[in-house]
Structure formats: C-alpha cells, structure tokens
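Engineer: Could you build all of it, start to finish, from the sequences and the hints given here?
Chains as they are written, first to last, in the numbering used here: chain A, 344 to 658; chain B, 344 to 658.
Just so you know, these hints were derived from the structure itself, not from any lab.
No experiment lies behind these values; they were computed from the predicted model shown.
Treat the hints with care, since some could be wrong.
The list treats identical chains as interchangeable, and a pair is accepted whether it falls inside one copy or across any two copies.
[As the list claims (entries may be wrong)] Straight line, CA to CA, 25 Å or less: simulated BS3-like cross-link-like pairs of lysine-lysine:
id, residue 1, residue 2
1, Lys493, Lys385
2, Lys470, Lys493
3, Lys575, Lys470
4, Lys493, Lys473
5, Lys470, Lys499
6, Lys499, Lys639
7, Lys612, Lys385
8, Lys473, Lys385
9, Lys499, Lys473
10, Lys499, Lys623
11, Lys627, Lys639
12, Lys385, Lys639
13, Lys359, Lys623
14, Lys372, Lys397
15, Lys571, Lys499
16, Lys627, Lys499
17, Lys639, Lys397
There are 2 protein chains.
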Amino acid sequence: MSKYCFGVDLGGTTVKIGLFTPEGEVVEKWEIPTRTQENGSKILPDIADAILAKMQERGIAREAVIGVGIGVPGPVDDAGVIYRAVNLGWGVFNINETLGGLLGIDVKAGNDANVAALGEMWCGGGKGYKDIVLATLGTGIGGGIITNGKIVTGSKGAGGEIGHIHLVDDEPDACGCGNHGCFEQYGSATGIVRLAKRRLAASEEDSVLRTAQAEGTLSAKAVFDAVKGGDKIACEIAEEFGSYLGKGFAAIAAVVNPEVFVLGGGVSKAGEILFGYIAKNYEKYAFHACRNAVFKLATLGNDAGIYGAAKLVLG
Amino acid sequence: MSKYCFGVDLGGTTVKIGLFTPEGEVVEKWEIPTRTQENGSKILPDIADAILAKMQERGIAREAVIGVGIGVPGPVDDAGVIYRAVNLGWGVFNINETLGGLLGIDVKAGNDANVAALGEMWCGGGKGYKDIVLATLGTGIGGGIITNGKIVTGSKGAGGEIGHIHLVDDEPDACGCGNHGCFEQYGSATGIVRLAKRRLAASEEDSVLRTAQAEGTLSAKAVFDAVKGGDKIACEIAEEFGSYLGKGFAAIAAVVNPEVFVLGGGVSKAGEILFGYIAKNYEKYAFHACRNAVFKLATLGNDAGIYGAAKLVLG
Chain A
344 MSKYCFGVDL GGTTVKIGLF TPEGEVVEKW EIPTRTQENG SKILPDIADA ILAKMQERGI
404 AREAVIGVGI GVPGPVDDAG VIYRAVNLGW GVFNINETLG GLLGIDVKAG NDANVAALGE
464 MWCGGGKGYK DIVLATLGTG IGGGIITNGK IVTGSKGAGG EIGHIHLVDD EPDACGCGNH
524 GCFEQYGSAT GIVRLAKRRL AASEEDSVLR TAQAEGTLSA KAVFDAVKGG DKIACEIAEE
584 FGSYLGKGFA AIAAVVNPEV FVLGGGVSKA GEILFGYIAK NYEKYAFHAC RNAVFKLATL
644 GNDAGIYGAA KLVLG
Chain B
344 MSKYCFGVDL GGTTVKIGLF TPEGEVVEKW EIPTRTQENG SKILPDIADA ILAKMQERGI
404 AREAVIGVGI GVPGPVDDAG VIYRAVNLGW GVFNINETLG GLLGIDVKAG NDANVAALGE
464 MWCGGGKGYK DIVLATLGTG IGGGIITNGK IVTGSKGAGG EIGHIHLVDD EPDACGCGNH
524 GCFEQYGSAT GIVRLAKRRL AASEEDSVLR TAQAEGTLSA KAVFDAVKGG DKIACEIAEE
584 FGSYLGKGFA AIAAVVNPEV FVLGGGVSKA GEILFGYIAK NYEKYAFHAC RNAVFKLATL
644 GNDAGIYGAA KLVLG
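Structural biologist: This is how it looks when you write it as structure tokens:
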C-alpha cells in the first residue's frame, strides 16, 4: 500500500493543501478559502472536509495516511497548542487534538514560519543540511530555526522570532511589536526603504533613487538596481543594509551555529549582489567558528509551508 | 541489576568523574590529573583506566553501565568529533569512538559549556524546564542552549557561543576572539570592571569605587557591594551592565525562546540585586512573547559538568 501525508498551510485568506509522498513528491496541491467568521470556528472543519473528500476521490484509506501537518499563523508549542492567532479569530486550544479528532488521523501543528523552514530543509534551499536558519526578508523578517533536523519551537512557540532581535539603540520609530530597534526595522523590505529615505535626506548628493522616491517607487529592488548601475548613494545604502543583516545573522549564529542561512521573501530576489553585501558583513561580525556558514536562496516560494507541514508528520 | 552511568568533565588540569544512578544521584565523585603531555595522548586512556578500575572496585559489570558521557573544552559535533582543543594538545578525532573503544562501553561527548547546561537542566537551577539557556558570567560569558531537552550543538559544535554575540559598534578593545563589541566584553566579570573604569574616568564624582580602583580590588563584587551601599556611580554602572545583559539575553530569546535563563559564574553571586537589573532591561528589549522567561541561579557549581555528561548518555 502506498503511503501519503498531507501538508496544510493555513493563511489569513487561503488554506493551501498538498498531498505528498513520504519522499517529498507533490501528488496534488490545491487551495480553499479561509473562513474567519464566527471566531474562525469553520476553519478546521473546512480543512478536514477538504482532506477527507480528497482521500475519497483518490481512494486513499485512512491507514495509508501517515499524518496531516499544518502550519498556522501564530505561536504553537510542541504539543500543538496555539496561543493566539488574531487574524483567524482563534483563542487558545490544541490544534493536534481538534483537527485530529475531526479527521481520525494524526495531526501535528507548527508555526507557519518555522514550518516553512522545515520545508526548505526538506526539499528547498536547505536540502542536504540539518542546521538551518530560514530568514524571510519581506515586509518584516520572518524566521525559522532548525537544529539537528528539528524545529526550535521554544517554550511558547516563539522560537525563530529573529525579526525582533534588538539591533539598534535610540531608534525613534517603533517596530510593529512595540519595541524600538528590532532587526526587521532595518533588514526587511520596509527597512531598506527607511534606510534609503534617511540617507537621501542626509545630503543633497545626486542619486537615481531621488527620482524613485519622488515617483513613490523606492524599494529594495530600486536600491539594488541602482547599485548595479553604480549609483554611489545606493551603494552606501546597500552597505548599511548589509551591515544590519550581517550583525543580525551573526547574533543568530552565536546561538545556534547553523550550516546555512536560507533567504526568502521579496528582498532576496536581489540575488547575488545582496548576498555579497550580507556575506562580507557576516564574516566581520560572526564568531570565528561560525564563519563557514553559507547563504542560499529559498527555492520553494509559497509552497514552503505545505512542504514543511508534510515533513512535520514524517519526523 | 542496578544501572549506572558515568559523567566526565575534562578540564585543562583536572578530570572530574562522577558515578551516577539514572535518577541523578551521585554515588561517588573523584578527580584525576589531566596529563596534557605528548599531545594529550594519555588523557583518554587515563580516563578509561579510572572508570574501569572503579567498576572493578565496586563490582559493577559492563552491562550495568548505560554509558559514559564526557564534556570537553572545545567544539564537539553530534557524532562526537572534536574540532580543536588547544589546551589539551588535541587535533581532530572522534571521542565517542576512541574512548568507547578503550572502555567497551557507549560514550557520548559534548562541549563542556553545553554539557553543563544539560546538567543544570537535569538536577540544577533549570530542573523542571526543557527550554533553558545557561549563561556563565565569569572572565567571559560561557553558554549552553537546551531546546526541548536537547543540547543545541550547532553544525560545528559552536552552538551556545553566546559570549560572542555582537552587541556594540565602535568598540576600540578587541575581544579574546578577535572581534570587537562582543557580549562578553560587557556582560562578564571582566566587562563590568571595564565599564566601571570607563565610568570612573568620565567624571570626578565621588564614589567608593575610586578607593577599590586605587587598591586594585575593583570587581563585580565591589560594584554590587557599592550599589547596596547606595553609591550613585556604582548604581549607574550596574544599570549599564544590566542593559547589556538584558540586550544579550533578549537577542538569545528571539532565537530560541527559553523558559528560563540559568545564571552561573562569579558575577551571579551578586544575587537578587543583579537579577533585578537584568530582568528590568530584559523586559525592555525582549520580544513580547519571550518576556515571561525567568532568571534563576545555577546551583551545581563545578559539578554541572559531571551531571550533564551523565545525562548525555541517558538521553
């Protein structure tokens, strides 16, 4: 009998579901809407219905399903208890037990960012490694830490909240979390735009980025395009941006000593030129025994969550 | 048949050995010298002889020994390979295989600081927790990270090298590791003396610490004794010291989200007054989901290593 597992990535508007073989092949993937009304009480029944219908459609018996993994947008502990998921309207409850009860199948839940890291380790940019850090450089910095092949969940599911490492004293702007000076205020897509605006305001020097700013198109992409064109101010901004990323990653390395940093999110699309700025600064700030870590691109994109969720139940 | 395990703490001058029950009772502990001559080639045979002699003396059969754990002063990976141990004269080799071959018993090796953290989790200040950070505030800052009951070894055995988190830009003095601005340059016994000297040099204000400095007795203890006496400058130094410790611990928390920080080393002897300065600053810099971590004193002292080594083989 062929064996299968399901990986579920629960987002605020869409639930992605994947049917996998234990070897990491996607047999099928599809989406259903996330119905957040009535305090999100329909979400898990909808997911259970979708999975059971798929099993019936394909003639897959319960005994053939190793388990169902699910990544959710909130802190989840190792027992499957979610502590809060504001976007879903959820309070505190045990996802493994609730969804497992609806399915009659073993369920394992994890935080979505941590689960994505596991997916990248299994079949993506971190394939072949067992000590990895996934950093998703988007609006903020999402993260997931894998040591010896396992997610670092932490005591309250807040392991891998790397975007909130304190990096800078005396930052006037507040981070989304309420603190001042968090890593993601500098090392994210939002962060590089902030750095760019500050740098542009600090002098009258010419730069193609002034046009971008005037047109409202100042972005990570605009900065790195300007770097490629040799724009002096853009190079300075990229250097400063790289120094924050180097410091943040070096701090993480002194705690968990990863083999590889896997970078995803919109900012990572800048590619090699970005990696050069990061690696140079990482080497400057990292403890010597941690300097051999490499930087790689995430390759699974929006599918990292379903891959990692499936891997959760494979152990 | 009663079961036993041995825990070995290998230091540069002395090897501590403990005979344990699986429940964490010390049956006996003793020491032998560390003979570092001939590139440390006598060290493991000496340890094997000592353990085999103890088994014979007590009539303990090989089958009754679950295993021998050993903490060593250098980076060790999960397979037992040591990468360097300058103090011992050792090159790269597999400790588990070498010592295991001499004993005919399963051996598990780990880095001494990481192993001490495991010991504090098993029977010390971290008892009852499974996500802990041990920080030993001595000449430097040693560390060990335990997540979900297991040591975070890292890819090259450099997990838990928390003393080398980069905290301060533009530090003129170099850390022992060669970098500038490492956590242990501020948060250690050496660090508080540096902060005190800088603060005393920055003004002419009166302080009992000026006498201590003149007499060569400026120390963490002198600072906290002066704080208890209400010395204004000492209070400022303690506040600054606490802010570095708060920032460093908050950075670690954003990576691994521990339940408890267990503090050891000479500086920790300052006790409650120190903990107050740390906790206040930790709450300021920590991500909200990590703020519930507590601070506790390490309780095993120099025995943490043998306890943790024994626990290594108990899993």
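Engineer: Please sort Lys499 with Lys623 into within, between, both or neither, judging by C-alpha distance up to 25 Å.
Structural biologist: The answer is between: 20 Å across copies meets 25 Å, while 34 Å in one copy does not.
Engineer: Tell me, please, which holds for Lys612 and Lys385 at an alpha-carbon limit of 25 Å: within, between, both or neither?
Structural biologist: For Lys612 and Lys385, neither the intra-copy (36 Å) nor the inter-copy (54 Å) Cα distance is at most 25 Å.
Engineer: At most 25 Å between alpha carbons: which applies to Lys627 and Lys499, within, between, both or neither?
Structural biologist: Cα proximity of Lys627 and Lys499: across copies only (19 Å, versus 33 Å in one copy).
Engineer: When Cα atoms must be at most 25 Å apart, do Lys575 and Lys470 count as within-copy, between-copy, both, or neither?
Structural biologist: neither (37 Å within a copy, 56 Å between copies)
Engineer: As a check of your reading, is Lys499 near Lys473 (CA-CA no more than 25 Å) within one copy, between copies, both or neither?
Structural biologist: The answer is both: 23 Å in one copy and 12 Å across copies each meet 25 Å.
Engineer: How would you classify Lys473 and Lys385 at a CA-CA limit of 25 Å: within, between, both, or neither?
Structural biologist: So Lys473 and Lys385 fail the 25 Å test inside a copy (36 Å) and across (34 Å) alike.
Engineer: Are the CA atoms of Lys639 and Lys397 at most 25 Å apart within a copy, between copies, both, or neither?
Structural biologist: Cα proximity of Lys639 and Lys397: none, with 35 Å in one copy and 51 Å across.
Engineer: Indicate which option fits the pair Lys372, Lys397 if close means a Cα-Cα distance not exceeding 25 Å: within, between, both or neither.
Structural biologist: within (10 Å within a copy, 61 Å between copies)
Engineer: Regarding Lys493 and Lys385, is the shortest C-alpha distance of 25 Å or less found within a copy, between copies, in both, or in neither?
Structural biologist: neither (30 Å within a copy, 37 Å between copies)
Engineer: Is it within, between, both, or neither for Lys493 and Lys473, if the alpha carbons may be no more than 25 Å apart?
Structural biologist: both (8 Å within a copy, 15 Å between copies)
Engineer: Should Lys470 paired with Lys499 be assigned to within, between, both, or neither, using CA atoms and 25 Å as the limit?
Structural biologist: Classified as between: cross-chain Cα gap 18 Å, same-chain 27 Å, threshold 25 Å.
Engineer: Using 25 Å as the alpha carbon limit, work out where Lys359 and Lys623 are close: within a copy, between copies, both or neither.
Structural biologist: Close neither inside one copy (37 Å) nor across copies (42 Å); limit 25 Å.
In summary, the numbered hints that this structure violates are 1, 3, 7, 8, 12, 13, 15 and 17.
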